[in-house]
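Asks: Residue strings, one per chain:
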Amino acid sequence: MTWLTWRQHRAEMYALGLLVAAIGAFLLAVGLQMHSLFPGGAGQCTGIDLTEACSTAIRRLNDEHGYASKMLNLFSLVPFLIGAFFGAPLVARELEAGTWQFAWTQSVPRMRWLAVKLGALGFATALLAGVFSAVITWYRQPMDVLDGRFGADAFDLEGLAPAGYALFAFAAATAAGAVLRRSLPALAVALGAFLAVRVLVAGWLRPNYQDTQRLVELVAVGDPADVGNPRMSTGNHLDWTIASGYTDSAGRPLSLYDSAAMYSAAEKEGVKFSAYLHERGVQQWVEFQPAERFWTFQLVETTIFAGLAAALLALVVWRFRRRVF
Amino acid sequence: MTEHALQTDGLGKRYRRTWALQDCSLSVPSGRVTALVGPNGAGKSTFLRLVVGLLAPTTGSVEVLGRPATDTPQALSRIGFLAQDHPLYKHFTVAELLRVGRSCNLRFDQELAERRLRQLDIPLDRKAGALSGGQQAQVALALALGKRPDLLVLDEPMASLDPVARLEFLQALMGAVAEDGMTVLFSSHVVPELERVCDHLIVLNHSRVTVAGDIDDLLTEHRLLVGPRTTADLDRSGTVVEATHSERHTTLLVRDGGAPAAPGWQASPVGLEDLVLSYLRQPARKEVAA
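Read top to bottom, the protein sequences are chains A and B. The first sequence begins at 1 in the numbering used here and counts up one residue at a time. The second sequence begins at 1 in the numbering used here and counts up one residue at a time.
Among the hints, a few may not be true.
[Said to hold, decoys possible] Taking lysine to aspartate or glutamate and the DMTMM-like style, the derived pairs with C-alpha atoms no more than 20 Å apart in a straight line are: (1) B/K90 to B/E114; (2) B/K127 to A/E96; (3) B/K90 to A/E96; (4) A/K272 to A/D248; (5) A/K272 to A/D239; (6) A/K272 to A/D258; (7) B/K90 to A/E12; (8) B/K127 to B/E114; (9) B/K127 to B/D150.
To be clear, the hints were calculated from the coordinates, so they are not data collected in a lab. Just so it is clear, the structure is predicted and the values come from calculations on it, not from any experiment.
Starting from the given sequences, assemble the full structure and let the hints guide the process.
Replies: If you want it as structure tokens, here you go:
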């Protein structure tokens, strides 16, 4: 049974292994170059007063590695590829070719057949996704230190989350294949589900994994004030800012219209916007997730996707148990 | 060894709202070759899949080799199954398929399987997809026989084969039966070749069993009666299977065990093919006790 699993899925293993290896080799090459911009570590180049060397390094980072963010956003489909290419043919290929009748009438009961396949291919999925995210976590290290780890090009590709995404894609593709009985439509359905759930979780659930912290303070004369967005600092540039805004001196929130009106008034009076706000006792606030919550958030995110994967696989097990094929 | 290799009681299978098989009670004697005959869509494949444990019944029960049909390793190891169109992993070599047989079975007679394939000049290093249809069927048969099953179930094994491959397949199958003495159950909708190979017959029509029995018995119990044309209600005794009318004559297929014919009527024996066809032509829902 183990041999059969290997023989049937080795093409996917080679192809996906090669994909992860190629990404790893490329990131290693450009990553070493990027890491060498910060001989003493990027940690020395944070804060407001930068040394000459740090300014140069950061400028070169932006010039020479500015494509990194776009590239990494593209890579967020890699966990899908890993999981779905293992999952889609797992059941569907047997149903398409009629070989299920051969496979499940040997002396291996179908539940055991399923357990071995899900176990082996699920493990391969998690392993490949784990290697992938380990490489990216290493590659992004200077960027993490400078920009934080909560951006879509960081959080979605580092730590545990990619393994969770890949397992979810694996389960979705397996379940779709078991229901639709075709590999290719299963792949398409899994992609739709993957994108929908990823967007929903990242945009809607993730900011609320823990209650946000809130800072409120009087607008200072020298602050960089903006009409809708006070750009108030949380004290740590690695924190994840969720929302920010202004309230008047009584604590009522200022609408965009109110602040726009104040801005024109400040223009008319010829004073700086921030000074105008300061005079009227306007307060600025920011809601944020502190940087040190990164691993808690990773854990929650991974648990959500692993839980969804488990539910989908339970559906597959249920269909197998009922012997509906 | 039980007398019946297979026994079903009120067996039925429903897919959503349509019944693929209904109220099927029959038994298949041990050590015999039984043919399951019926038109396409009669429920043959469903029945066979229920027997080998690929499907779970909606109603009724199946008992295979003295035990309820399940998919435990022990139950599976006693059954060999050759599905319709003999599905194989097309990109596996024949040798790899044999390895699948070895690694997925409690007992697998690799030597027997290899010997069969060598006798047929089927190269072991060839991919299954590159073999002819007849050779693929032979590989599938060798894999099923390699399990040394007590019950061999074949679903339309020759449907997709050309006449030469068909003959070769039958020879291989009968050779194996002669060697091993296992029970064989196979489905077919091609009647002529049955007579040569099987000794028990089950006719399935409209998802129900219409007739079942030993072929010799069936042929003695049934006969054709030819007499003057009449359209009166002929089936008073319930023995008429089918009545056909020509311009001047009426031909009846009766199952009366050879009772004396009415005056003016001539009796003659019936061939297996005519007998099967008569049962297959029966309209839905008319049941004849086996």
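Asks: Evaluate each hint against the coordinates.
Replies: These are the hints, each one checked on the structure:
As the CA atoms of B/K90 and B/E114 are separated by approximately 18 Å, the hinted pair is consistent with the 20 Å bound. Taking the CA atoms of B/K127 and A/E96, the gap is about 19 Å. The hint holds against a cut of 20 Å. At roughly 12 Å between alpha-carbon atoms, B/K90 and A/E96 fall within 20 Å of each other, so this suggested pair holds. With a CA separation close to 17 Å, the supplied pair A/K272 and A/D248 stays within the 20 Å bound.
Proposed proximity of A/K272 and A/D239 is contradicted: the alpha carbons are some 28 Å apart, above 20 Å. With a C-alpha separation of about 16 Å, the suggested pairing of A/K272 with A/D258 holds against the 20 Å cut-off. The hinted pair formed by B/K90 and A/E12 meets the criterion: a straight-line CA distance of about 17 Å does not exceed 20 Å. Under the criterion of a C-alpha separation no larger than 20 Å, the hint pairing B/K127 with B/E114 is consistent with the structure, at around 15 Å.
For the suggested pair B/K127 and B/D150, the alpha carbons sit about 29 Å apart, so the restraint of at most 20 Å is broken.
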